[in-house]
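Asker: Throw the hints in and build the complete structure from the sequences for me.
Each chain, written out:
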Amino acid sequence: MRRSLLFLRLAVILLFLLAGTELFLRQWVLTPSRQTFDPQLGFTYLGDRDILHTNEGRARIRLNSLGLNAAPLPEIRAAAERLPTVLVLGDSYTEALQVARDRNFVSLAAQAAELNLVNAGRSGLGPLHYPALFTRLRDTIAPDALIICLTQGDIADARQTPYTLVRREGHNTISALNLSATANNRLRSFIEPLIHHSALATLMMRRSALVIGGWRWPWDDWPFPNAVTAQNRGAAQNPGTASHTDPQNPDDVYSAIIFQLAALRSEIPTALLYIPTFRYAAGGVILETAQSRRDWHIFEAIAAELSLPLVHAGDAMRADYARDHMPLTGFRNSTLGHGHLNENGHRAVAETLAAVARKLIARP
Amino acid sequence: MIFTSLTFIVFFGLLLAAFGLLRGNRAKQNLLLVASYLFYGAWNPAYLLLIAACSLWSWGLGFGIRHAATKARRLCYLWGSLGLSLGALGYFKYAGFFVENTAWLLDLPDTEPLEILLPVGISFFTFQAMSYSIDLYRRRIEPCASLRRFLLYVAFFPQLVAGPIVRATEFLPQLERPLRLERRNIVIGSQIFLAGMLQKLLIADQLAPFVDRLFADPLLYDSLTLWLGLASYTIQIFCDFSGYSLMAIGSARMLGFLLPENFRMPYLSRSIAEFWRRWHMSLSFWMRDYVYISLGGNRVGPIRTYINLAATMLFTGLWHGASWNFVFWGAAHGVGLIIHRLWRQRRQSQDKPGLIGQSAGWALTLLFVMLLWIPFRAPDFMTAYLYLSGLFGPSGEVSWAPPTILLLIAIVIGWHLVWLGVRVQGRTLFPVARPWRAVPATVLFTAILALILFAPIGTTPFIYFQF
Chain A
2 MRRSLLFLRL AVILLFLLAG TELFLRQWVL TPSRQTFDPQ LGFTYLGDRD
52 ILHTNEGRAR IRLNSLGLNA APLPEIRAAA ERLPTVLVLG DSYTEALQVA
102 RDRNFVSLAA QAAELNLVNA GRSGLGPLHY PALFTRLRDT IAPDALIICL
152 TQGDIADARQ TPYTLVRREG HNTISALNLS ATANNRLRSF IEPLIHHSAL
202 ATLMMRRSAL VIGGWRWPWD DWPFPNAVTA QNRGAAQNPG TASHTDPQNP
252 DDVYSAIIFQ LAALRSEIPT ALLYIPTFRY AAGGVILETA QSRRDWHIFE
302 AIAAELSLPL VHAGDAMRAD YARDHMPLTG FRNSTLGHGH LNENGHRAVA
352 ETLAAVARKL IARP
Chain B
71 MIFTSLTFIV FFGLLLAAFG LLRGNRAKQN LLLVASYLFY GAWNPAYLLL
121 IAACSLWSWG LGFGIRHAAT KARRLCYLWG SLGLSLGALG YFKYAGFFVE
171 NTAWLLDLPD TEPLEILLPV GISFFTFQAM SYSIDLYRRR IEPCASLRRF
221 LLYVAFFPQL VAGPIVRATE FLPQLERPLR LERRNIVIGS QIFLAGMLQK
271 LLIADQLAPF VDRLFADPLL YDSLTLWLGL ASYTIQIFCD FSGYSLMAIG
321 SARMLGFLLP ENFRMPYLSR SIAEFWRRWH MSLSFWMRDY VYISLGGNRV
371 GPIRTYINLA ATMLFTGLWH GASWNFVFWG AAHGVGLIIH RLWRQRRQSQ
421 DKPGLIGQSA GWALTLLFVM LLWIPFRAPD FMTAYLYLSG LFGPSGEVSW
471 APPTILLLIA IVIGWHLVWL GVRVQGRTLF PVARPWRAVP ATVLFTAILA
521 LILFAPIGTT PFIYFQF
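Keeping their order, the protein sequence lines are chains A and B.
Going by our numbering, the first sequence runs without a break in its numbering and finishes at 365.
Going by our numbering, the second sequence runs without a break in its numbering and finishes at 537.
Because the hints were derived from the structure by calculation, they are not lab data.
Careful, some of the hints might be misleading.
To be verified - Partial chain A-side listing against chain B, Cβ under 8 Å, derived:
1. Leu211
2. Val212
3. Ile213
4. Thr336
5. Arg364
Heads up, the beta-carbon is just placed ideally off N, CA and C, and yes, glycines get one too.
Answerer: Here's what the structure looks like:
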């Protein structure tokens, strides 16, 4: 009897603690998962939900019915009647969950350029995904032009994206590119619905995934440390990647990116905007990272091959840092100078985006 | 294998189970010895030879130290015994530093730097072996008859890689009594271990990225941010090392062993001398007993006493690593101790200082200790200088005060104030006798939940592993 009472008391304490933690997390840390499995894009967001982002900065954003960090659909359509509409595709830099919606570079550029810019950025996506995303939004948003925001790491991400290239028989030319879900995303299709109603479950699941993903057996290093390299482990964890495309063959990835961008160009006037990554030093000194420069040169070559306009946002960013001496990435609650664009960064990129959008719309 | 890793938790769980199932002290000691060598070998098996050689050498020559007929022979055996430990320490830890500085002095710019992989914990296990030899020489202990017990004393895994530095007089007698798993030890030990984990994962590791950024480029940030960074590092190094010590003490306690306390709220010290009685106590007492007293201590006249103090602190600085930063850090602490000693001797009144005097002493001590963490943490003198000048002079423009950092600093200040107010003398976080009562259970569940939800993913090495 005493033992049962003890367990009952412990259970009650635990229950209250879990409920309190759930409330605390929802208020201060994160909302329950808003993601839902998507076989092509990995995941998409559920529409008309709030999403709280606190890893970098702190912003609570209402996603529209399409799951985008953009104005509600009726507002987009109303604006489209007055102004030319430009769809802006990109990754988490464009999605910008770290800052309030009216402070991200798409919103700021829309005001500056007096255009109806629609933010369709989504974290985890890259050039290989954009045609699939564009196809889904084309009819609903009916854009007049398209701007694709590219960032450092897009090339590396493309190498990790599982896809199949279909080539014409007897030719080396590509006729189609089929995206497929990673094993990780397939697993998420079962798990995500379970955690849609609990911030605690969402956080636990996200952390478990990191722990399991980073798990190393004690004998991994045997007989000497670092015998198993990170690259080997990565390859072992993503066997699907190797079966679809040879990650060691960069030409294959470049061909795939060219194929996807060409598909977009054939449908709609398109321009590319490159958002570089910088290192920030004292006295207003700003240096573009080596990887950022490398990726820029690759995109420069791709844009030249497709005759696509490509603009580097670095000049405005450099000018902003030289003026204010405040890093354009990172937040007070993360690491200044690292990570996603902060409000200064969005302000600087917005100038370039507005110019690109105006030019694109003005083109005959 | 790091205490905060899942691998260690699994390893320790299996070890506890096996320890409970085995019968007889000899079998349990064998198990602990194998486990300790596995623990160390998981990092680099080649260096198991080093730890075994150091242990065997000290154990073998220990009989010579004890039984030699004359004092001169005993001294020979002692230096022979210390020779291997000091030689290993000198080669692995200081050879590169020596070559680099000699090349600089002789202007030999083409000299290749030595690339020697520093064995983890070498400063700790060699000091344990040396304390055994010196205690034998001073006839404070009898030689350990059992090789197994001596190997276990040197290699006992909880304190093997980062202390506390355990004396033979403290550890070997514990192997004589029956070893068994006891519920009380498990409860107390796990609470101490959990407290260490909280310090390491929820305080030290959360502060680390902020501190790293500031020390990477101090010119970028304004004075206030640099002061915040200094306060953060002051807390980080304490919670990192104190956390490790608590985890070592806790895991040893679960197995039934008592390890010495290593930290006693050092930042509440009211003088630099008191600080060294509360900070890394096992090292500072080791230095006092085996270096300071060996040099004559305070019984050789005032001037020699000051020289002994300075030399001891210089060794303490050098113990932390082969770098001029550590030498400077140790020397500055030595100067601080000398000034404090001079001031104490000249002070007329023998009364305890009043509240204002104590508060002033505390503030000065804390400021002194904090400022000296700058050369300790900075990668080189130039960075240390830039950081220091940024604190007091012209600085950068970036202002950065992450809310999490402010919250953690407030939590640590609150914890110290509570300790100061309540004067908790026990070593456990929760009441031991009834850990499942409502308040302790809530605190316990909250601590575990906080670790699950907010501890950084992946293992971060402890700062003192590099020493």
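Asker: What hint numbers does the structure not satisfy?
Answerer: When the structure is compared with the hints, numbers 3, 5 turn out to be violated.
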